[in-house]
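Read top to bottom, the protein sequences are chains A and B.
Note that the working numbering has the first sequence beginning at 36, numbered continuously upward.
Note that the working numbering has the second sequence beginning at 473, numbered continuously upward.
Simulated from the structure, these hints should not be mistaken for laboratory data.
Keep in mind that the hints are not guaranteed to be accurate.
As the list claims (entries may be wrong) - Some chain B residues flagged as far from chain A (calculated, every beta-carbon gap over 12 Å): (1) R549; (2) P559; (3) A584; (4) G633; (5) N719; (6) V721; (7) R853; (8) E893; (9) A932.
Stated by the list, open to error - Derived lysine-lysine pairs resembling DSSO-like cross-links, with alpha carbons at most 27 Å apart: (10) B:K990 x A:K223; (11) B:K991 x A:K223; (12) A:K223 x A:K292.
We put the beta carbon where it would ideally sit given N, CA and C, even for glycine.
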Amino acid sequence: MDSFTDTEVGGWEARAERYSGRVRTFITETDPGALAVVALSMGSLLLAFAGFLSASPLAAVPFGVFVLSTGYGWVRHQALIARAVTFAMTTVTLVTLGLIIAFIFVESAAAFRYESVTVFGVSVPGLGMFVQTRWDAVSDPVRYSLVPMIHGTAMVTAIATLVAAPLGVAAALFISEIAPPAVREAVKPGIEVLAGIPSIVYGFIGFTIINPWAGEEFALNGGSTYLFVGIVVGLMALPTVVSVAEDALTSVPDSMKDGSLALGATEWQSMTSITLPAAFSGVSAAVLLGVGRAIGETMAATVMLAGVQKIPEPITNVFYGYETLTSLIAANYGNASGTQESALFAAGVVLFVTVLSLSVASQYIEARMRQRLGGERT
Amino acid sequence: MSRATQNALVREDRGGYEAVAASAVGLSGVVFAVGLATLVDIVSITTPVGNGTLSVALGAALLGLGLGTSGLGLASRLGYVDASPQPSAGVVAATAFAGVWFVIGAFAAQEAGLGTPGWLAIGFVSGAAAFLLTALRREDVGSTLPAGSVAVLFGVALVTGFAGPGWERVLVGYNATLFGDTVIPVVTMVASLLTGWAAAKSYGGFGARGRNIGAYVLIYLIVLSILAVLVGLLAFVIIRGLPGLLNGVAVGGDQLLRWPFLTNGASLLAEVPGVFPALIGTVWLVIGAVLFAVPTGVGAAVFLSEFAEQGRFTGVVEVATNGLWSTPSIVFGLFGAAFLIPRFGNQKSLIAGMLTLGFMLLPLVLITSREAILAVPDEYRDASAALGVSKWETIRSVVLPAAIPGITTGIILGVGRIAGETAPILLTTGGGVLPGRSAAPNVLGGFQLSASPPFVTNPALLEATSALPYQLYALITAGLSGNIEDPQQFAWGLALTLLLVVLLFYAGGIATRYYFRKKLHQ
Numbered sequence: 036m037d038s039f040t041d042t043e044v045g046g047w048e049a050r051a052e053r054y055s056g057r058v059r060t061f062i063t064e065t066d067p068g069a070l071a072v073v074a075l076s077m078g079s080l081l082l083a084f085a086g087f088l089s090a091s092p093l094a095a096v097p098f099g100v101f102v103l104s105t106g107y108g109w110v111r112h113q114a115l116i117a118r119a120v121t122f123a124m125t126t127v128t129l130v131t132l133g134l135i136i137a138f139i140f141v142e143s144a145a146a147f148r149y150e151s152v153t154v155f156g157v158s159v160p161g162l163g164m165f166v167q168t169r170w171d172a173v174s175d176p177v178r179y180s181l182v183p184m185i186h187g188t189a190m191v192t193a194i195a196t197l198v199a200a201p202l203g204v205a206a207a208l209f210i211s212e213i214a215p216p217a218v219r220e221a222v223k224p225g226i227e228v229l230a231g232i233p234s235i236v237y238g239f240i241g242f243t244i245i246n247p248w249a250g251e252e253f254a255l256n257g258g259s260t261y262l263f264v265g266i267v268v269g270l271m272a273l274p275t276v277v278s279v280a281e282d283a284l285t286s287v288p289d290s291m292k293d294g295s296l297a298l299g300a301t302e303w304q305s306m307t308s309i310t311l312p313a314a315f316s317g318v319s320a321a322v323l324l325g326v327g328r329a330i331g332e333t334m335a336a337t338v339m340l341a342g343v344q345k346i347p348e349p350i351t352n353v354f355y356g357y358e359t360l361t362s363l364i365a366a367n368y369g370n371a372s373g374t375q376e377s378a379l380f381a382a383g384v385v386l387f388v389t390v391l392s393l394s395v396a397s398q399y400i401e402a403r404m405r406q407r408l409g410g411e412r413t
Numbered sequence: 473m474s475r476a477t478q479n480a481l482v483r484e485d486r487g488g489y490e491a492v493a494a495s496a497v498g499l500s501g502v503v504f505a506v507g508l509a510t511l512v513d514i515v516s517i518t519t520p521v522g523n524g525t526l527s528v529a530l531g532a533a534l535l536g537l538g539l540g541t542s543g544l545g546l547a548s549r550l551g552y553v554d555a556s557p558q559p560s561a562g563v564v565a566a567t568a569f570a571g572v573w574f575v576i577g578a579f580a581a582q583e584a585g586l587g588t589p590g591w592l593a594i595g596f597v598s599g600a601a602a603f604l605l606t607a608l609r610r611e612d613v614g615s616t617l618p619a620g621s622v623a624v625l626f627g628v629a630l631v632t633g634f635a636g637p638g639w640e641r642v643l644v645g646y647n648a649t650l651f652g653d654t655v656i657p658v659v660t661m662v663a664s665l666l667t668g669w670a671a672a673k674s675y676g677g678f679g680a681r682g683r684n685i686g687a688y689v690l691i692y693l694i695v696l697s698i699l700a701v702l703v704g705l706l707a708f709v710i711i712r713g714l715p716g717l718l719n720g721v722a723v724g725g726d727q728l729l730r731w732p733f734l735t736n737g738a739s740l741l742a743e744v745p746g747v748f749p750a751l752i753g754t755v756w757l758v759i760g761a762v763l764f765a766v767p768t769g770v771g772a773a774v775f776l777s778e779f780a781e782q783g784r785f786t787g788v789v790e791v792a793t794n795g796l797w798s799t800p801s802i803v804f805g806l807f808g809a810a811f812l813i814p815r816f817g818n819q820k821s822l823i824a825g826m827l828t829l830g831f832m833l834l835p836l837v838l839i840t841s842r843e844a845i846l847a848v849p850d851e852y853r854d855a856s857a858a859l860g861v862s863k864w865e866t867i868r869s870v871v872l873p874a875a876i877p878g879i880t881t882g883i884i885l886g887v888g889r890i891a892g893e894t895a896p897i898l899l900t901t902g903g904g905v906l907p908g909r910s911a912a913p914n915v916l917g918g919f920q921l922s923a924s925p926p927f928v929t930n931p932a933l934l935e936a937t938s939a940l941p942y943q944l945y946a947l948i949t950a951g952l953s954g955n956i957e958d959p960q961q962f963a964w965g966l967a968l969t970l971l972l973v974v975l976l977f978y979a980g981g982i983a984t985r986y987y988f989r990k991k992l993h994q
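Chain B with its partners taken away, still in its complex shape (with noise of 0.2 Å):
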């Protein structure tokens, strides 16, 4: 630790060091996206780049990254430059080029056509060889020498066109090529990623400083890989949504608004066939789930954390509300179909799929209403108490209001999440693939009063009814076609309506706790 401070303390001349270090970084991050554009075929790895192709100019770079990488290492190594460095790079990187350089080895010994003795062998031979030579010789060799040598040899391999865009191995009994424009994308951007560690930890000069940086490096892209497949799929489905979406919608006219999609139902006839009916019964759906879920859920947090005294009977439903929270969707709808169908007319109807949904929104309300009504302050309770009020004048006047903001919270995100569910409803409510316009289930208007038990009863209750995600599924397995014209286009639309619905009530619930939160703090 001393040596790192001090050698932070004293560092100098490492400028020219640290900018060729942070070239290196700098290139291994742009060939890495360079790797993924090709894997996922923006590119092809047969572009034309200056003399040759892609594949040709990536393994140039590869080289590069890998000399480079080693480089950098030995003038640490030979003391050309002040750095660090520990006298181990440790088990966890050494286990990591350890896995890699099996994986090399096996594969260059099935090449060289050994039989799986041979290549087992010959890959545990390299990795092992890989393990200590990263864990028993000093850092600065240990961890740029094996990440560098990778580069090197991916880069060789592609630039002599060893491996190139013809290039293809049948894996032999498990039915499936690998062909050079899956693995050279995928090749490239690890080694990429083993000389961009590498050389920010050299950036770092070793030792605890190179170690921190080599890491953050590491964690910052995989926190931008994330928020980059999250934005990519938000795009995706809004790119490819928005032609069925928009589809016919016009502003002014007769109606102050015409969007047909999500007005009308599907049918020839119809001129642009929508997904109202869906769309009516998800609104249903979750109203009769919140209906259910919220006062229950709601309830029970202020009887868990108010009333009950803290022992084995709020430790059981604790753990049983977490129990629920996990059990997947699929095993509500096998309950749904089991306990609620045969009690509500024996067929798939809409009121069981409320039901279903709403023992599941149940333990997400309970939980985050619990929470917010624990994080009210105590001396709130003790202020209301000293002035006589009694515990439940306190929880109703003081505990409850102060926990609104995030029991509204818990409850959006929560039916955010229901909203999408699609397997409890598809084993509880069912409902067409295509419906017309006539199948949006008329809730309001279904009441009757009838003279025998009962007494009141909902016809569009008890029926099949469809609901977004229940459609988009339908439509799936149906084969994305149709008795209307572009059932792909249709479909689209479908999900890009389903993912807006969900969306909204997320933003809802997220507005909702910075609104809360600004006000708590000003």
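Here chain A stands alone, though its shape is the one from the complex (with noise of 0.2 Å):
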């Protein structure tokens, strides 16, 4: 155990110095006037950035300071400016991602400490939202519990992974295995047409067309039900599960097919027993992008749903269709303040970490299937 701190701390320490010997050669090798340009303008960006995070109007300041500089910098040392603005450009990314994360945590703070349980003398924050099932903003008792409306996310998931996940992976076998060329040309921009039709005119049809003819059709109070919700946000969330198992399939290589066609299996005994066990981690990716594409649609779940926070009797019944995580935060924001507004923020933590844990494990599943077929080892 000490020896391995030992060497974490000197592999650590001759890092530094590594790294500091390159700051410094380059240092040195560059021409002071482009260091001095690159340095004002990553540094009076800096200081926008942290003027806008502060609110300050004084922020376009240094904003302009950095257009300027790094106008003059384009001009007189266009390779050293570009690299640090691309680098800064870079680090956009993490840094939305950082504040995402900062801001909703923080705005759903006070809903967290209201619904605070106490857990052995030990108070924590959150828990009642997840251990009762009353969500009523208006009428004592005022409680934020998100029960509800995960069991309503839980349900139009269930049914558009059922949904999306067989369709796609066919249709993904199909593109990339079994259709002539024309057809694939054909048909892989239909699917992507597909992923092209907006939310909002997908949850109009169902408003105006479906909901009534479920409602007719089975007699319903009402026409909101968990079941079409499911159906039609497994249509949305079908490209993408098409794309990204389609992806997988053609990256498994042509050798491993041919050599078991050449041994006289048919195309369907080479795709069951070759391609998809090759390519099945990055079927499953597909399917865990799928899902949290389905988790987080929004708009035709709100027009859809009837907006009730409650949970349906059985627990089962497809056919109430009461509120998820994305509609109650959609259709509530405008009008919900303090406490609860916090609560709608809860909900979008609940959503964001766990649609960012889908992608990440999508992800990591993918990166083992790359390394597998690539013929590396971990």
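Using the supplied hints, reconstruct the complex from the two chains, each of which is provided in its own coordinate frame.
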């Protein structure tokens, strides 16, 4: 254990040493004028960002300095300034993700504090959102349970996955393995167009056509159902599954498939015993991403669901459609204030954490698949 | 495997058998299509066909299909035709049949008035029986008999009128009722799917070749259904939306083209209410998002693939980018509301929406640009470096031009996606439900200089503005009513306009890809 820590520290020190050495060489080898311009440009950008964060109108001043110094640098020392500016642009992704996390967590803090529950003498903030089922922002007792919405999201996502996963994988198999080139060139853009139809258009069709139809066809009390919201959301998640799964299937080397075909296997045998197993992790990553899309789908759920924060009886009843996490936020954000608004951010936190975990998990799975197919070892 | 090849080579006298199987597949397809048409109310199941109704005719067809499919399997089992079945139809088929037969058994038990333990038990028994029959018997019997008997059962139920148009069952406790005109089409579709698959397998003589054909039939059906849904959706919105969109269009006269729906605002006074402010709002939102996200995304892609060493930093950025890509749009909306709105005048504003959509567009641009830059062959870079060109010059004049097609395609597809986004602008941009023409943002004319920081202001950017997707949402929540003539028609016209705007971007993106690919292969 000790030696392990020592090497760690030693490694870290050595790295720092090497790094500072590189920086020193870089500074001595670079034109001091260029260095000054880059420092001014990056420093003023940092200052402008800090000013913007503190909501100061003065942020415009360093931003102006940044624009001017970068413009000057672009003319005189283009290579260096381009490198610095593109680096700054790269950090925007990280900064955005960091800001999203920081802001939605800070805004949700009040609701988490309000819903604290004491367990064994320890007050656990936010636990009250998950251990009881009452969401009522108006009448006493005011409680903000997310359980009904989590249940709604789970129902919709489960139905959507049942639609999107088998159909998506079948369509991906068709595009990557079965279709003749001419058909593929027609089907692929078709699936892309399906991804392009705005969710509010789906929602509009759902609201004006599907809901009344379902209400009549099943003699429902109102037309909102998790069943049909789930089917619509599944249709919307389908293109994600198709395109990611198709990428995974295409990345299986042709030599593997050809070997199987040369042994006399039929195409379907090669698919089920060679291509699909080899691409299994990529295909499951595709399904995971599709699940993520379904969880985050907002507008169709918002306009098609009833907007009631309850759990239906019995709990598996797909003929009720009450509320999902996303529709809760979209439908209530404008009218909410104080702790209720904060509770909407808490719903956002649950959504964000879930979908981000799914995304990271699917990336991990994909990375493993690439390593395996590339013949590298972890 | 060797058996399959042998039989495929020496297969004789299967002409009649194959013809029967092929016509069973065809008939299954027809029955499936008719079932679908009745489900979406294109035809009613009470339509008279011959002496009975469509319901009875479907029943007769299912009966025939069921008997035919079972016959195909038995003919092979008894050795009348040369087929190459395997010892078992496999666990996947067995599980599927077990599911179908569980439902049938459970339903029959409920009809007989048994309680929950009773129907669970009966359902389980019949499911298990189907599973064992499929998994343990030879493939020709295992895959045809369970499918054929489902069709026979449903066919008999329909022909005898046990289940017909007037059939209904209340789902106690579920607040729902199942009616014949919903259940019969669904049941018909399931049964025809099963017989179609089984018949396709027997057409191929079971075994590897039969499975190949059976699977292909199912996959082709799935892809056709997806495309049918797509075409149906587009056609539906177009047919419903065209009257609103083309309301009052005139060519010639004092103007070259009058298109009031796109150039008018909404008001009682306007002859034809239009979506002009929302259209302009969407255009500015897209422009703002592109101005923010495209340089940032492309710059980051250049840094990641050309300057940075592949290591922990690029790995983290990649994970963060993919994480941003899959972040739900409503979370971006919450973020915009919490972060941007307090910094731009504490109210919903155009610029807050622009930046929020920009944040959403950023990962799309970054991912596609990076792919495009990585796809530029290293020979290009090496050749340029061999000529003594500096690294940055190489990037600027060799790598980027070669990557432009991919980058452009990515940008256009990304823009198409954010142009239709509603959730983020719902929380950040807002605007009126039916804005008049004067509510259209005048961004270009709105810039003002001032003596105090931030020196440049633009009130047009700081106002709540309507956009196409938001206006559609607002109309829906207002219950499709408002101070205009025929709000319903207006809303469909609006939906079509939004769809066309988005599809134009997609068509543009796809066309760009084809154009450059063709040029590349010349």
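Worksheet entry | Ascending list of hint numbers which this structure does not respect | 8
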